[in-house]
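Undergrad: Chain order of the listed sequences is Z and X. Numbered according to full-length UniProt numbering, the first sequence spans residues 1 to 872. Numbered according to full-length UniProt numbering, the second sequence spans residues 1 to 872.
Hints were generated in silico from the structure; no laboratory data involved. The reader is advised that the hints may include incorrect statements.
What the hints assert, rightly or not - Heads up, simulated DSS-like pairs for lysine-lysine below, C-alpha to C-alpha not over 25 angstroms straight-line:
no. : chain 1 : residue 1 : chain 2 : residue 2
1   : X       : K154      : Z       : K760
2   : Z       : K334      : Z       : K537
3   : Z       : K776      : X       : K776
4   : Z       : K776      : X       : K587
5   : Z       : K587      : X       : K160
6   : Z       : K776      : X       : K284
7   : X       : K776      : Z       : K154
8   : Z       : K97       : Z       : K538
9   : X       : K284      : Z       : K284
10  : Z       : K160      : Z       : K587
11  : X       : K154      : X       : K804
12  : X       : K760      : Z       : K776
13  : Z       : K154      : Z       : K760
14  : X       : K776      : Z       : K198
15  : X       : K284      : X       : K160
16  : X       : K160      : Z       : K776
17  : X       : K154      : X       : K776
18  : X       : K537      : X       : K284
Number of protein chains: 2
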Amino acid sequence: MYGRYTQELGVYAKEEAARLRESGQRRSASDRSRTLDLLEYEKGRCAKCRIYTVRCQKFLISRVGEDWIFLILLGLVMALVSWVMDFCIAICLQAQKWMYGGLDSNVLLQYLAWVTYPVVLITFSAGFTQILAPQAVGSGIPEMKTILRGVVLKEYLTFKTFVAKVIGLTCALGSGMPLGKEGPFVHVASLCAALLSKFMSLFGGIYENESRNIEMLAAACAVGVGCCFAAPIGGVLFSIEVTSTFFAVRNYWRGFFAATFSAFIFRVLAVWNRDEETITALFKTNFRLDFPFDLQELPAFAVVGIASGFGGALFVYLNRLIVVFMRKQKAINKFLMKKRLLFPALVTLCISTLTFPPGFGQFMAGQLTQKETLQAFFDNLTWSKQGLAEEFDYMGHSQAWRHPQVSVFVVLVIFIIMKFWMSALATTLPVPCGAFMPVFLIGAAFGRLVGESMAAWFPDGIHSDGTIYPIVPGGYAVVGAAALSGAVTHTVSTAVIVFELTGQISHILPVMIAVILANAVAQSLQPSLYDSIIRIKKLPYLPELGWGHHEKYNIRVEDIMVRDVRYITLNCCYRDLHNVLLTGHLKTLALVESAESMILLGSIERSQLQSLLSQQLSRTRRLEYIRERSVAEKKRLSEVSNPSSEDSNMRASQEVRFQISTEESSLSPARPVSQKPLKPALKRSSVVERPIEIPTGPHDNSGIALKNLFCLRPFSFSFVGKPSMMPSFLTYFPSPLCVLQIAEWEEKQLDEQVNFNNCKIDPAPFQLVERTSLHKTHTIFSLLGLDHAYVTSIGRLIGVVSLKELRKAIEGSVTVKGVKVRPPLASFRDSGTTGTSSSESEATELHKLWDRHRSISLPREHVPSESDEKSQ
Amino acid sequence: MYGRYTQELGVYAKEEAARLRESGQRRSASDRSRTLDLLEYEKGRCAKCRIYTVRCQKFLISRVGEDWIFLILLGLVMALVSWVMDFCIAICLQAQKWMYGGLDSNVLLQYLAWVTYPVVLITFSAGFTQILAPQAVGSGIPEMKTILRGVVLKEYLTFKTFVAKVIGLTCALGSGMPLGKEGPFVHVASLCAALLSKFMSLFGGIYENESRNIEMLAAACAVGVGCCFAAPIGGVLFSIEVTSTFFAVRNYWRGFFAATFSAFIFRVLAVWNRDEETITALFKTNFRLDFPFDLQELPAFAVVGIASGFGGALFVYLNRLIVVFMRKQKAINKFLMKKRLLFPALVTLCISTLTFPPGFGQFMAGQLTQKETLQAFFDNLTWSKQGLAEEFDYMGHSQAWRHPQVSVFVVLVIFIIMKFWMSALATTLPVPCGAFMPVFLIGAAFGRLVGESMAAWFPDGIHSDGTIYPIVPGGYAVVGAAALSGAVTHTVSTAVIVFELTGQISHILPVMIAVILANAVAQSLQPSLYDSIIRIKKLPYLPELGWGHHEKYNIRVEDIMVRDVRYITLNCCYRDLHNVLLTGHLKTLALVESAESMILLGSIERSQLQSLLSQQLSRTRRLEYIRERSVAEKKRLSEVSNPSSEDSNMRASQEVRFQISTEESSLSPARPVSQKPLKPALKRSSVVERPIEIPTGPHDNSGIALKNLFCLRPFSFSFVGKPSMMPSFLTYFPSPLCVLQIAEWEEKQLDEQVNFNNCKIDPAPFQLVERTSLHKTHTIFSLLGLDHAYVTSIGRLIGVVSLKELRKAIEGSVTVKGVKVRPPLASFRDSGTTGTSSSESEATELHKLWDRHRSISLPREHVPSESDEKSQ
């Protein structure tokens with residue numbers, strides 16, 4: 001009875017889990033004891049100490065859940081990595097300044113020092129990354145987004161990549177180019193999590209679970225942002241927005257935990273290193289709290305937001321334009337492909353020449369590093385008010401913004417324009433680098449510009465009630481930074497990041513308003529920077545359903561699905577399999593009960609089918625056939641009883657060969673799929689030996705293709721080969737006559753029914769209904785990370801929807817240029833086969849099933865149903 | 001060919017969407033023109049003005065996407081509601097204070113005024129809510145969580161509930177009881193969204209889409225928290241954590257937009273009302289920014305966090321205990337059921353007596369409102385340092401904490417203890433109320449206590465480097481508030497809420513650490529307050545997979561699924577349907593191809609089957625049968641040709657009746673499912689007339705049950721009914737003899753095969769595989785909001801998993817007390833039917849299918865397969 005077992009299920013699940021855990025512990029305990037034994041053999045005083053360590057570790061692992069230990073370790077490691085990297089970058093930048101400062105007698109030498117340093121560092125970074133792991137190039141967020149969608153990207157989470165990314169990133173940032181650390185840090189954290197997971201799997205079993213790994217990667221992304229900016233909350237939110245479409249709230253927890261721990265350690269390290277007195281924000285601001293801004297300043301903040309939106313879209317567009325341009329110019333491309341390091345070197349040379357402080361750099365505060373620039377933007381002074389500001393004597397970095405001849409506004413405008421294209425260009429360099437920080441900086445500069453203008457316009461503030469509250473340009477810088485970075489990345493959590501970065505939340509409403517406006521503008525113009533890179537790199541992706549696209553609610557799966565599904569039936573023969581493999585190129589194929597019923601039973605991977613087919617036509621089976629045949633022939637020959645010496649020689653070698661092959665064939669049923677072929681006696685024949693790779697081109701008469709592979713080539717070889725090699729060669733293909741017989745044999749083999757017994761079938765592929773809306777389909781695809789889904793109607797397969805169709809339908813983009821063609825599916829709809837009403841069509845479908853059922857007992861009359869038409 | 005249509009799909013989808021949109025517009029345009037026509041008839045000067053308004057509205061709706069208009073409207077309305085409510089509450093509280101202050105000559109009068117006021121308000125609130133909409137009682141967050149899971153709760157989103165909630169909440173909070181506004185506000189915002197959605201659907205079509213409504217509800221929850229605390233970010237995050245398991249990042253956007261707008265308007269209203277000079281935080285703090293806290297204070301913060309964790313768990317436990325106690329005590333229960341308003345009145349009396357300022361209230365700052373108390377806790381002074389603090393003269397609300405005889409520590413401890421049980425008790429009152437704010441207050445008190453202790457312990461601060469940084473107890477209060485409210489609600493976003501509430505983020509790390517520790521402790525001890533209420537109210541829910549439950553990764557669906565699935569086959573007869581309906585009580589039943597193949601075709605709702613069955617045995621068909629039979633009998637009778645007068649009379653009435661029934665039967669094929677029965681001539685016979693509601697009890701011989709309904713009751717009636725009524729009554733059941741014939745007829749009907757043509761079938765119910773892990777199952781269930789899923793193996797139905805099994809497996813809770821029974825599924829596993837290996841079992845399954853296929857052509861031999869055994 002239904003529900004009979006449910007009450008005791010809890011007990012069972014608990015016991016089962018306990019059993020598994022126990023066995024795991026036992027196993028790990030035995031491992032541990034083996035380790036202990038090994039340690040005994042070790043000589044030295046610390047052996048006992050180690051034993052205790054191991055025991056302690058064992059206790060730790062067995063007692064407390066591994067989840068939080070993993071997260072703490074991850075946070076710790078990432079905080080250390082981040083801190084060490086920051087330390088190295090600071091040293092690099094200091095060294096450049098020191099060199100530049102020391103050579104102030106000669107401008108040329110100064111220039112050389114200023115320029116050579118970054119060129120060398122960037123070139124090294126590019127070269128190192130190229131050699132060790134080219135996957136480390138770039139931000140890493142687009143790849144992480146893809147990986148978290150469930151796609152496996154090879155080599156993206158290896159130790160090599162980790163090393164390349166960390167060292168490459170340190171060098172790239174140490175060069176002083178307008179590059180960021182935040183995007184790559186997401187990748188570094190994920191790498192770290194993946195490696196830590198592998199390392200931890202030595203101790204426990206759960207680290208091998210795939211869904212757990214994905215969860216941990218999601219947490220790692222949060223850690224990456226969190227420990228980069230010491231912004232745990234912003235880190236979690238930013239990583240969610242950037243990498244996920246759907247987010248599990250339970251992961252959120254993990255992210256918070258790890259990111260907080262990481263940010264904490266990161267800042268504690270700064271305190272221990274006496275950089276800071278206590279734990280504070282990274283770019284601490286000191287705006288007044290009692291009256292942070294006036295209500296009447298809000299329109300100015302809104303303007304900052306809207307302008308940032310346009311700026312962000314422009315940045316993404318510019319970035320893509322550069323990449324596409326570099327790719328399209330074949331002459332440049334060829335040249336650069338040869339000298340891979342030339343492009344980064346040239347770009348670096350160009351950028352660093354322009355920022356040379358005694359040169360053009362004096363108009364754009366070229367001598368300041370990114371950090372110093374940002375601190376200058378966020379400071380509490382007003383640069384434009386000459387009278388009052390003079391008193392403060394332009395302390396520290398603000399000094400750089402005062403130019404004797406040029407107003408601060410001009411400097412800011414030049415800074416914004418120059419940095420804009422420089423950042424867009426620099427982020428296309430083949431080094432590990434992010435775009436967040438440069439964009440953040442430009443945004444801050446723009447905000448500062450607006451703020452300074454406002455301060456110049458209203459020197460005594462806007463407030464009319466007597467009390468003078470002067471305008472704070474630093475607040476505008478904060479708003480601008482959040483807005484522009486939000487526009488480029490299409491996130492709102494940059495707002496939270498700036499609060500955590502500056503340690504002040506007093507400007508929350510202006511920041512939120514600006515960020516939302518910037519997002520609204522940017523999202524309607526361009527994809528986010530990461531999505532743009534995903535499209536450039538052609539990674540598998542699914543576009544978001546944007547705002548206000550309410551027409552998406554009206555499109556149904558039946559409008560977008562492909563009705564002409566490739567399928568195989570349960571009782572098909574190998575020839576059908578072969579035909580299906582030849583004509584389609586999908587990764588998975590639907591398995592239906594029969595062509596008439598079309599009841600979906602499951603889906604099979606293409607590779608499984610290929611191995612099935614190659615097994616059926618395998619050498620072992622062929623050889624077995626030949627042996628049988630030859631035994632029969634032998635009998636016939638012995639009856640004729642007049643063999644020539646050459647013939648017997650040949651036969652002897654055949655017999656030796658056959659013995660080996662017999663062994664093979666006796667083995668093959670046990671592990672039949674991916675068998676390594678025996679090393680061929682003749683090297684040339686390896687061409688023949690390779691497993692069947694059926695060409696996926698548009699072959700129509702398929703039988704010939706196979707014959708090409710198996711039969712026709714040996715012909716040519718048999719004439720090419722030297723006479724002395726003939727006998728061993730003929731072991732495989734005894735004679736031209738025999739080859740023909742093999743072809744015949746193959747034809748026979750192809751007509752046999754397929755035996756799916758050893759085939760791995762996914763018995764529950766995801767199914768949709770015709771009436772499922774596009775909106776729901778999108779949700780399901782992105783929720784479950786699907787690649788395709790079958791559309792069924794009462795068990796009957798009627799179509800398939802893959803990521804491609806969905807993408808097309810959502811984007812509504814037309815790749816067919818020129819003539820507007822009538823949508824081919826319209827005809828389907830017009831003819832009314834399925835389009836009318838759901839219940840009606842369902843009834844029709846059911847009728848067919850019904851008829852089929854009746855026809856089992858009755859003499860079957862062939863009704864030319866839809867499914868029959870399709871199966872042809 | 002696969003992919004043939006994909007290129008032009010985009011075009012098609014676009015055109016299709018455009019067509020649909022256009023037709024929608026056309027429709028709405030015609031609606032609009034009708035409205036215009038109507039308006040023309042209206043007399044008055046503003047008609048033209050209205051036409052312009054309508055046109056303008058039309059333009060707005062057609063031009064800009066409705067999404068953000070909806071969100072802005074929602075934000076605006078909620079901000080207004082929140083502000084007006086706050087205003088009313090403030091007036092109520094002021095009135096109480098004024099009454100209390102005015103009567104300071106007589107303590108008894110003062111006491112009466114102090115007590116009567118809240119009792120009246122709470123009683124009114126309880127009564128009003130009870131009468132208008134009992135659904136408005138309580139927080140609303142548990143219900144919203146359930147609704148967002150996809151469950152339809154009736155009456156929870158109606159206008160009545162809205163009115164009841166808003167007015168009830170205002171009164172409840174105006175009484176000064178320790179109740180919160182935040183939880184109910186989530187509900188109010190959702191109500192507002194639902195009503196607004198209904199209102200907007202008058203203009204456009206998309207507002208009727210269900211998934212869109214759910215998205216809007218999710219955004220509304222964010223708005224609710226956001227405009228309650230003027231905390232947009234915290235609001236979004238809190239609402240996500242509290243209501244969702246999986247969250248779509250696209251909703252996040254909506255939430256941010258609406259919540260920011262709402263918070264903005266909410267604060268702007270305060271500025272316009274001259275309450276504030278500019279937009280600032282609700283409970284603004286003014287801690288020092290340069291050195292917010294010392295690193296060495298972190299252990300103290302951690303202690304606050306851990307203690308809050310225990311406190312939070314205790315609060316949830318206490319709250320549940322009170323509810324369960326009230327329910328279990330039948331004597332109390334009965335009494336309270338009669339006098340529903342007595343319980344709230346008594347509780348209010350008790351609580352307000354204890355807080356009476358001249359009485360016990362003097363030891364717990366009873367005269368302060370919640371808001372004043374919180375402001376006092378967050379202030380920048382140190383109460384315990386008598387020497388220094390004397391200078392400040394205990395300004396404002398801090399005055400209340402100084403008691404001439406008792407130390408401030410004692411006052412704080414008394415406050416915490418008293419408020420703790422008061423809040424736990426008060427939140428069980430049948431009025432609209434939340435627990436967040438009271439808990440937040442207790443947390444702040446606890447934090448303040450620790451902070452004051454620290455300040456007393458280290459009067460010159462901990463920092464050793466010369467500069468004296470005194471300890472800020474207000475910072476501890478902030479940490480405590482976030483930690484305790486986080487522990488009770490199981491959220492980390494309370495951290496963000498306190499930053500936004502206080503306008504300072506300088507304590508970010510202590511707050512984060514404390515909140516995370518509090519959560520870790522509380523989550524391991526108790527469910528969250530909302531989950532606790534969900535369980536008490538027995539709403540459908542799915543528990544979360546907690547931390548470190550890594551054994552969950554090892555449990556598979558095959559361990560928890562119910563193997564004995566109730567199913568119906570495509571070629572079953574009505575008797576089978578009847579049997580299935582009698583024995584099970586599931587909402588949906590699986591439809592399989594046949595009992596042998598067990599190929600899952602879809603699922604059918606129970607109600608559909610019931611209507612199928614009742615249609616088969618319907619009165620119209622029965623009457624038709626009777627007519628046919630009577631016609632036959634007539635012939636027979638006319639042959640006998642000696643009718644009595646009574647007989648002819650009866651026959652005449654039968655004939656009239658038959659005419660009607662003929663009309664009926666000619667109609668029935670067109671719309672057969674839910675047909676309203678004709679009004680019966682005799683009222684008594686409605687018992688017979690009602691649609692078949694098959695009893696779900698454990699009936700074994702099912703046939704009798706139906707006979708009870710159809711045949712046996714008329715027997716008794718025919719003797720009870722008066723003679724004059726007999727003829728019309730006999731129209732239905734002409735004679736006892738005839739009843740027997742009807743039973744015979746029904747038996748015959750039951751043996752007919754079911755015709756599923758007009759039945760609504762879900763052709764793609766969600767399917768899992770045996771090897772799906774519990775973890776993945778949980779993910780899928782919570783992602784898609786499933787109620788149950790079928791477990792299939794290559795198309796064959798082998799089990800079903802419902803929410804119940806999943807819940808049991810996750811909680812591992814044993815409801816069977818006493819003897820430990822062997823889990824019944826263990827035997828399944830031991831016998832090795834499925835337990836061994838996936839590929840092997842799959843192969844077996846396939847073999848069966850295979851055999852079946854062969855047997856179609858060959859003479860079938862019955863193999864007693866697993867499925868056959870189950871189908872019995």
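Undergrad: None of the hints should be skipped; say for each whether it holds.
TA: Taking the hints in turn, this is what the structure says about them:
no., hint, verdict
1, X/K154 x Z/K760, "46 angstroms, violated"
2, Z/K334 x Z/K537, "19 angstroms, holds"
3, Z/K776 x X/K776, "20 angstroms, holds"
4, Z/K776 x X/K587, "23 angstroms, holds"
5, Z/K587 x X/K160, "55 angstroms, violated"
6, Z/K776 x X/K284, "44 angstroms, violated"
7, X/K776 x Z/K154, "24 angstroms, holds"
8, Z/K97 x Z/K538, "41 angstroms, violated"
9, X/K284 x Z/K284, "19 angstroms, holds"
10, Z/K160 x Z/K587, "30 angstroms, violated"
11, X/K154 x X/K804, "22 angstroms, holds"
12, X/K760 x Z/K776, "20 angstroms, holds"
13, Z/K154 x Z/K760, "23 angstroms, holds"
14, X/K776 x Z/K198, "21 angstroms, holds"
15, X/K284 x X/K160, "36 angstroms, violated"
16, X/K160 x Z/K776, "31 angstroms, violated"
17, X/K154 x X/K776, "31 angstroms, violated"
18, X/K537 x X/K284, "38 angstroms, violated"
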